[in-house]
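Asks: Model the full structure from these sequences, guided by the hints.
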Amino acid sequence: MIINTTAVYVLWLREMKRFIRAKSRIIGALAMPLFFLAFLGLGFNRMGVPGIGRDLKYIHFLVPGIIGMSLLFTSTFAGLSVLWDREFGFLKEIMVTPVSRVSIVIGRIAGGTTTALIQGLMLLLIALIAGFKIPSLASFLLALLFMLLITTTFIGLGLIFASVMKDMQGFGLIMNFVMFPMFFLSGAMYPLQNLPGVIRALSYIDPLTFGIDGLRGALIGVSAFSLPVDILVMAAFSVVMVVLGAWFFERSESL
Amino acid sequence: MDAIQVENLTKKFDGFTAVDDLTFSVPSGELFGLLGPNGAGKTTTINMLATLLKPTSGRARVAGYDLAKDRDNVRKSIGIVFQDPALDVKLTGRENLDFHAMMYNIDRETRRRRIAEVLELVELTDKAKILVEKYSGGMKRRLEIARGLIHRPTVMFLDEPTLGLDAQTRRHIWDYIRKLNKDTGVSIILTTHYMEEADYLCSRIAIMDAGKFAALDKPARLKDVLGGDVVSLELDAPSEPLMAQVQKLPWVKRVKQHGLILSLTMEKGERRIPELITLAQKNKVTVVCVNLHKPSLEDVFLHFTGKTIREQDQDQNERHRPARGPHGGRR
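Chains A and B, in that order, give the protein sequences. Its first residue numbered 4, the first sequence is counted upward by one per residue in my numbering. Its first residue numbered 642, the second sequence is counted upward by one per residue in my numbering.
No lab work stands behind these hints, which were simulated from the structure alone. Hints may be right or wrong, so weigh each one.
Rough simulated footprint, nothing fancy, chain A against chain B, three-plus residues with beta-carbon under 8 Å [said to hold, decoys possible]: (1) 714-724; (2) 756-770; (3) 864-874; (4) 891-902.
Listed below are the simulated EDC-like cross-link pairs for lysine to aspartate or glutamate, each with C-alpha atoms no more than 20 Å apart in a straight line [claimed, not checked]: (5) A:Lys20 <-> B:Asp655; (6) A:Lys95 <-> B:Asp713; (7) A:Lys169 <-> B:Asp655; (8) B:Lys770 <-> A:Glu18; (9) B:Lys775 <-> A:Glu90; (10) A:Lys26 <-> B:Asp725; (11) B:Lys781 <-> A:Glu253; (12) A:Lys95 <-> B:Asp711; (13) A:Lys95 <-> B:Asp725; (14) B:Lys775 <-> A:Asp88; (15) B:Lys781 <-> A:Glu90; (16) A:Lys169 <-> B:Asp725; (17) B:Lys695 <-> A:Glu18.
Even for Gly, the Cβ is constructed at its ideal location relative to N, Cα and C.
Replies: Right, dumping it as structure tokens:
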């Protein structure tokens, strides 16, 4: 396995250039989580949501959840963007170059991670401006670690889908039957204790559950699992997803 | 050394044979054409030779390297212009070129020099800073040709390089391709379904149909088989003497009469029409209507495969074509 650093850098740089030029895309990607945050937060703030603890405002409970949601969508799309490249023919151009497939996967993950993290941090910044508080630098760095793990996990997942799907026909299916269920099961909007047992079991196989729980632990000091558990589970998920994603991508024919 | 050596190359998709046991070679420096209708297997052949598809069976050497064992060296030695545009339209022309060059590990100084060089060649120097989405179809094609050249390949694949372009741009690109082949000595394998393109550019043409070569020869020899142009003269009255005289003309290869219409096969028909009309006048016959038919891909194809390209395309459409997505291949 030879990793060609120049190729990784080129693919990363390409993502950066595209990201910076797609201003409407950035605004669009930020708008949905902000609306969620604003309307859900304001709507439920007064009445309170059972199970989040008496001292905690619902909107503060919601911030890490919505950051997690934003990361889920932007990262999975970053992985799925292989489909766009295939659709627009650019994938072939990458595949005929004398660069190892591993470098191509790493370059894509690096690019997707950076753009997803930038969007996550922008959300966090907006939340800070609106009055959300982070206890310390250490907790910020811990949150950053969780954001990174969430991102790589879902880029890996996106890559798997992109390699298996071949075209964009299945996109709606993935949105409705994978991404939204993962979002709702993750406890982004309400504590998992509120879910019935059977469904709660499902949320324990959702990587985002642990990612958001970790983010919550880091940012507001409230979490269902202990932070080391969250870190370990997320690290395992991200390694497995990235390896699977790379494996599927490598095996898929490039046409 | 041969640029391409192919032995029994075959590609099957779910039981459908796209490329059927091809064996051929292309000497270094040749401009070689693959001519055939959509779905004949031209693109599949190119994609296999460019390492994008794995052959079902058979062997090939590209630029001297074994396709199966030495993919990286094959990739380093080839340049390719795909049938469908393969540019990142959200990047500028220069960025597309620069990124490509970086993928081939070319250092900054060499990159700068070569990019300037290829931009000059395809006359896009002043458009290099514009996003590719603002380019016209012809400019995109030229940029892709430029990109294929940056890493100095020894073998270049051009898959339908002028598809969907207007006549003027097509001419322009033909001239680039010729110049390229002459100046740099790069071997070029070109696919097309335009007879005049293959004719103008290629030193040898393979006519491809249903995954096989129906013929492989120099363009002139291929057309010779048809005997040349057909000039049809519609006369106002039948004339035996004219018929007799026409048959004696040394440059007329075949004469057919169908009612008042006289069909003559010859080379360079357009230059012979005045002579024929004069001859008719001498025999007191008036030519009411003249029709000149140049041998086309249609005719050559008909001759070698017993089917017209149109019929063939219909057949292909009814058949399953797994290499393409549901959105259709061409944009």
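Asks: So, for every hint listed, does it hold in this structure?
Replies: Hints, one by one, checked against the model:
1. 714-724: Satisfied; 6 residues make the cut.
2. 756-770: Result for this restraint: violated, n = 0.
3. 864-874: Since three or more residues must qualify, the claim that chain A covers the region 864-874 of chain B is violated, with 0 doing so at under 8 Å.
4. 891-902: n = 0 at 8 Å, threshold three: violated.
5. A:Lys20 <-> B:Asp655: Violated - the C-alpha atoms of Asp655 (chain B) and Lys20 (chain A) are around 40 Å apart, more than 20 Å.
6. A:Lys95 <-> B:Asp713: It holds: about 15 Å lies between the C-alpha atoms, which stays within 20 Å.
7. A:Lys169 <-> B:Asp655: 16 Å, holds
8. B:Lys770 <-> A:Glu18: 18 Å, holds
9. B:Lys775 <-> A:Glu90: Holds, because 19 Å separates the two Cα atoms, which is no more than 20 Å.
10. A:Lys26 <-> B:Asp725: 27 Å, violated
11. B:Lys781 <-> A:Glu253: 29 Å, violated
12. A:Lys95 <-> B:Asp711: Between Lys95 (chain A) and Asp711 (chain B) the Cα gap is close to 19 Å, so the pair holds against 20 Å.
13. A:Lys95 <-> B:Asp725: 10 Å, holds
14. B:Lys775 <-> A:Asp88: OK: Lys775 (chain B) and Asp88 (chain A) at ~18 Å, within 20 Å.
15. B:Lys781 <-> A:Glu90: Holds, at roughly 17 Å.
16. A:Lys169 <-> B:Asp725: Holds - the C-alpha atoms of Asp725 (chain B) and Lys169 (chain A) are around 17 Å apart, at most 20 Å.
17. B:Lys695 <-> A:Glu18: Violated. Lys695 (chain B) to Glu18 (chain A) sits at ~29 Å, over the 20 Å cutoff.
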